[in-house]
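Based on these hints, arrange chain B on the given structure of chain A.
Residues per chain, in single letters:
2 protein chains.
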Amino acid sequence: MLVTGTGVDMSLFEPLERRGFVPRRPDRQRLSEDELIRELKDVVAYIHGGEERATERVLSSARRTLKVVAFLGVGYENFVDAPAAAALGIAVTNTAGAATDSVATFTIGQIINANWRITQYLGNRYPDWTNPLELPHELGARKIGIVGLGAIGTRIAGILRTAFGADVAYFSRTRKPETEAALGVTFRPLHELAERSDILVVMVPETEKTRHMIDAGVLARVRPGTLLVNTARPAIVEPTALHASMMRGDVALAVFDGFYARDSAIAGDLLDDFGDRLLVTGHIASHTREAMDRMMRQAVRSVENVLTGGNDDHLVGDRL
Amino acid sequence: MLVTGTGVDMSLFEPLERRGFVPRRPDRQRLSEDELIRELKDVVAYIHGGEERATERVLSSARRTLKVVAFLGVGYENFVDAPAAAALGIAVTNTAGAATDSVATFTIGQIINANWRITQYLGNRYPDWTNPLELPHELGARKIGIVGLGAIGTRIAGILRTAFGADVAYFSRTRKPETEAALGVTFRPLHELAERSDILVVMVPETEKTRHMIDAGVLARVRPGTLLVNTARPAIVEPTALHASMMRGDVALAVFDGFYARDSAIAGDLLDDFGDRLLVTGHIASHTREAMDRMMRQAVRSVENVLTGGNDDHLVGDRL
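Going line by line, the protein sequences match chains A and B.
Using my numbering, the letters of the first sequence map in sequence onto residues 1 to 320.
Using my numbering, the letters of the second sequence map in sequence onto residues 321 to 640.
With the rest of the complex left out, here is chain A:
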C-alpha cells in the first residue's frame, strides 16, 4: 500500500494493516513519474493524497499488482488517468463529499476577506489606520456568481443566500431547477454570469474541460472592480488573461487557495504586479481534521470494498 500526501493520520489505515497491508510513505512530497513508478513497485492499493500524477505510463507499469487507486479529494481528473486505469482494470475511487463543509466554510471566509479588501487593512493599527479609499458593500447588497454548482458550490450558495441574503446566480454544465427553487438562485450562461457578478466564485474540479475555463473571453465580460474568488484549482483561471484583466482594473482582487507553479513567468508577473491585490493561501481549504479523517476513512473503505469485490459508492469509473 502506497500513501502519498501530507497531513495523513496513519493510524486510520489500521483496518488495512490488519488485512496485511504494509503502508509505504515516499520520502519526497512531489514525486516525478519515474519516482512514482519505483514507489508503486509491488503495491496493491495506492492512496493518492499528494501532487504527483498517476499517468498512463505509471499505471501501466504498476498493473501487475495494482488493483485500486483511492484519490483523496474530489477532482481526481488531473492526478489520475482514470480512462487508462479503467483500460488496465485498475479501480479508481475518490472521496466526494468528505470536504464539502470545510471548503465551503473556508470559501465563505475568503469571500468576506475579499469583500473587505482585508489585505489592505491587515496589521493596521490606530492611530495609523488606513482610511478605505472606497467602502466595501455588505454581502447582502452584492451580486455573487458561482461557477460550478456541485456539492460545494451548492453549499456556498446556500450559506450566501440564507446567512447573508446575497443575490446569487450560478453557471453549471447542467441546470439545477430544484436547487434554484430551494435556494432562490438563478442560472446564467457563463459570460452573462461574469458580467452581472460583483464577486465571481470559482468552484469546479480541474479537468481537461475546466482548465482555463475562466479565460480572456470570460474576463472580458467582467466589470471594473470585480472580486474573483478561486478556492478550486488555480488552473481553472487562465493566468495571462487574469493578468490583463487586473491590469485593466476589471478584476480588482483575486483570491487563490494554491497558486500557479512558482517557476512560471506569469506567476511571477502576477505576484510582482498585483501583490497587494492577490490573497493567496497554500491549498488549505480542505485541510481540516474532520475532512481529512473523513477522506481517509472513506478511502480505506473504498479500498476494502474493491479488494473484496464488493460494491463501492465512490468508484469514478461510471462517470467516464
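Just so you know, the hints here were simulated from the structure itself, not pulled from any lab data.
Treat the hints loosely; a few may be bogus.
Selected chain B positions facing chain A (Cβ under 8 Å, derived; list incomplete) [to be verified]:
#1 P343
#2 G429
#3 I479
All C-beta atoms, glycine included, are put in the ideal place defined by N, C-alpha and C.
This is chain B only, laid out in the frame that chain A set:
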C-alpha cells in the same frame, strides 16, 4: 452642525442643509478636548463619527447652542458622556441596528480566518507550502462562545448555528430564553463559557462595566489553543492578562478590529511577542457603504426628530 469621522458621505446631510444647517468638518481626525470645544462653538447638532470624546466639560461648554449629539454607532458610552448630556438637556442618540449585518458578517469572516490560522498561510505558494503543524477543525466541530448577545451577537450566533452547525453558547447580563430556543444556543456564566469554548467571540459595547471584562480571571479559565475573536472594542480585553495568556499558550491567536493605543507599552509587547498570532485590522467591521448610509440617514432623522420636538426611537436617555 458638526460632523466628525471618516467615510462620511456628506450628500446624506441634504435634509438638514435644506433646514439651514451648515455642516462643519474638522481638519483633524482625532480631536483633543480643547479642539472639540472650539469645533462645537455655535453648533446645534453634532454628528459624532470620530474617535473624540464628548466629555462633560465639552458638552457643558457647548450647552448654549447644542441640542443633540447623534452618535454614529451603538456603543456611545465611551465617546459621549450621556449622563452629563442628560443633565444639560442635550439629547443623545445612537444608530443601533444600522451596522448589524456588516459587523456580524465581518466577524464570521474573522472567525473563519482564526480557525484556519490564516496568518500562517497567507502568501504561501506551491511548492513552498507550509504544512500545518496542526490541522484546524471544521467549525461544525467547534464549541464557540459568544460574550454579549445583543443584536450583533445574536446574528453571529444564528449564522454559526444555521450555516455552519457549530455548538454555540453565550454569556449575557440577561438570559435570553427565546433566543436560546430559536437558535439552539445555551447560556453559560462567563467563566464557564471561557472554559468550554474553542473560539471565544467578544461582542459587547464598551462601557465602564465591560471595559476589561475579559480579564485575568476569565483568561485563567481558557484552555490551551483557544482562539479569541474581538471585533468589538479592544479595551473589552485587558491587554496585560491577554499577554500572559498568550505567553502560556492558552490564547493561541487573537483577532482585533482596532487595537490598543499604539504608544502603550503593552500594545508594543503584544505585537513584538505575538505578531504572527495576532490578526489585527483597523476598525473596519462596520465600514460598509450600506451600514454607513443607514447610520447617516438614521442620525439625520434623529436630529430632525429632536429639533422638531418629535419622538425618536434612538434616544439613549431612557437607558441611563
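So, going through the hints one by one against the coordinates:
1. About 19 Å separates the beta-carbon of B:P343 from the nearest beta-carbon of chain A, more than 8 Å, and the hint is not met.
2. For B:G429, the shortest C-beta to C-beta distance to chain A is roughly 3 Å, which falls under 8 Å, so the interface hint holds.
3. With 8 Å as the threshold, the beta carbon of B:I479 comes within range of chain A, its nearest partner Cβ sitting at about 4 Å, so the hint holds.
Violated hint for the displayed structure: number 1, the only one.
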